[in-house]
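Go ahead and model the full structure; you've got the sequences and the hints to work with.
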Amino acid sequence: MFETLQHWLSTWMWDWLAVLITILIQAVVIILPLMLVVAYLTYAERKVIAYMQVRMGPNRVGPYGLLQPIADAVKLLFKEVVLPSQSNIYLFLIAPVLAIAPAIAVWAAIPFAEGWVVADIDAGVLYVLAISSITVYGVVVSGWASNSKYAFLGALRSSAQKISYEIAMGFALVTVLMVADTMNLTQIVEGQKGGIWHWYLIPLLPMFVVYFISGVAETNRAPFDIAEGESEIVAGFHVEYSGMAFAVFFLAEYAMMILISYMTAIMFLGGWWSPFEGIPVLETLFAWVPGFWWLALKVAFLLFTFLWFRATFPRYRYDQLMRLGWKVFIPLTIVWVFVVMLLHYYKVGPWFN
Amino acid sequence: MLENYLPILVFVVLGILFGVGPIVVGYLLGPQKPDDEKLSPYECGFEAFEDARMKFDVRFYLVAILFIIFDLEIAFLFPWAVVLDEIGTFGLVSMAVFLALLVVGFIYEWRKGALEWE
Amino acid sequence: MSFEQLVFYAFAGISSLAALMMITVRNPVKAALWLVLTFISAAGVWLLAESEFLGLVLILVYVGAVMVLFLFVVMMLDINLAEMKEGFAQYAPVGALVALVVFGLIYLVVGPEHFGLDKTGLPVTHGPDYSNTKEIAVPLYTQHAYAFVLAAVLLLVGIVAAIALTLRRRGPRDALYQDIDAQVRVRAEDRLTMVKMAPEVEPDVSSKNEEEEGAK
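Chains as they are written, first to last, in the working numbering: chain A, 201 to 553; chain B, 1061 to 1178; chain C, 9 to 224.
Read the hints as simulated data drawn from the structure, not as lab findings. Backbone N, C-alpha and C fix where the C-beta goes; we use that ideal spot for every residue, glycine too. A hint or two may mislead.
Facing chain C, according to a computed beta carbon distance under 10 Å, are these residues of chain A, among others [to be verified]: (1) 326; (2) 337; (3) 356.
Structure (structure tokens):
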């Protein structure tokens, strides 16, 4: 689709401009829906948690409160951006940019269906891991630049937590690569073709759990949200931010949540392959569903579990959180690297060709 | 290979614009009525009585240092995981030795109590 | 000038400028952030040279890990700037000497004698399916396995040194440690003893009263 557009554009303008315009359109096609999903994820979060707690949730703005996120955005837009007098103004303003720029840049390498990827790079997994490791700067810099004790403590806790869980995530990714034999995200999904028993979920079940839970910790979501811990340190690293500066942090956090869900779906849940592949009747019955919607469904379910966790579990204490990361997840992932190594050596299972 | 990275460059630039844009718009649209109380650091209504930048537990540095070491280890594992078929048993064994050495380090760390938090 | 060259000069310019800012800026936190920018644009230059893996690992390891530690140290140590500058004039000659020596070494290694298109050859451009990672990986784990294992030894020394330098375990009075394994292993019998007791029968007063009240 985009190739024909590019061809058509290049017939009447410079080639480089045609390429640039095509990429810009692709970017808009990805980023705008992403922002919309973020907006309605906040709505879904409030609604889901409300129903889990037998409340109504937002129901005033628009039918069933559906316009609530729009109203919130407009309200934040007209709020004052407070610049605290004791802060380092430049760093204070750069911090939200440091949080959101990587959260958006990652999406360039994410495939949405067969062939639907903007930048089909060979080292896709490495790219995602490298770019999302930059988001920690948003937290550290905002916490320091604010010059406020709550922000400082929040940044400290949050950054130590993020880096601890990044190790577990990295090791979990390594096991996926060992099974898939490639770092290209599209090829990783291709490798899971042929029915639900070919999904990497099965040989790597513990890694799936580790990756997803580490993802919850990486994004500072409940039950690992000690960085915010509103009953202890008010709102953590972004106490001093208001109006749109706060909204940017918020966008970044939710965009990362969606990213974690996408990565989990792509690497463990068979990406855009239908779960009914290879099952006689069901396969033909659901053959009309395009791959993109299967992926979207899997992502939606994972996002729902994010909200479910928040409604169910009490917050972890910091020492317990660090224990879970360092003493449970990291040993488990290292052991599993050895296990997959042996599985690979003895060619066990249908996952190794 | 480079043509694959062009969109990434565009996305990085767009990401930065996405951070700068809303803040500028919010700054232009929102009111600007600063006063001393509003601009002081938030401390639940108390006056801030000292500078917020303080020394903190050395344990956080230790976490950061250990993180660097494990991150490097992951950087070594990534390319290895991709070429398992090409490097044969020798490659497997060399990585097993590499990992075994780091497991020794990890056990040392554990026994020394570097992973304990109070 | 082709687009690639334009991007190269942009990245090269940013990284040189950021490096310059990093050594001239006064605030150490800002200096660290300028260094981050230097690394990111250097990664861009590496990507342009088609070394995809190294470029991304530069971001992953240096930007994502090493600089976070630097920021931690620089931010949270609250360094007194005036004190740091005290010995500047005294140490300036030594510093200049060291800088000269390092510059000389760099010149010897990558000076015009060993550098340039006639020495290294024109970099080959690869198609979209080229895997830079695999190209690095195969010799790394076979031909250079010895160096690779030595890297593990270095990392091990790093772990030991980091722990030896920073770890001080506080006494049981200063801090409370929790042994979660012990807590999980606890069984009801350890904590709770069931004592058989003969039931003590109190003379039933209240019910009698109630009955009497009910009768009234």
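Hint-by-hint comparison with the structure:
1. 326: 5 Å, holds
2. 337: 7 Å, holds
3. 356: Because about 7 Å separates residue 356/A from the closest Cβ in chain C, which is inside the 10 Å limit, the hint holds.
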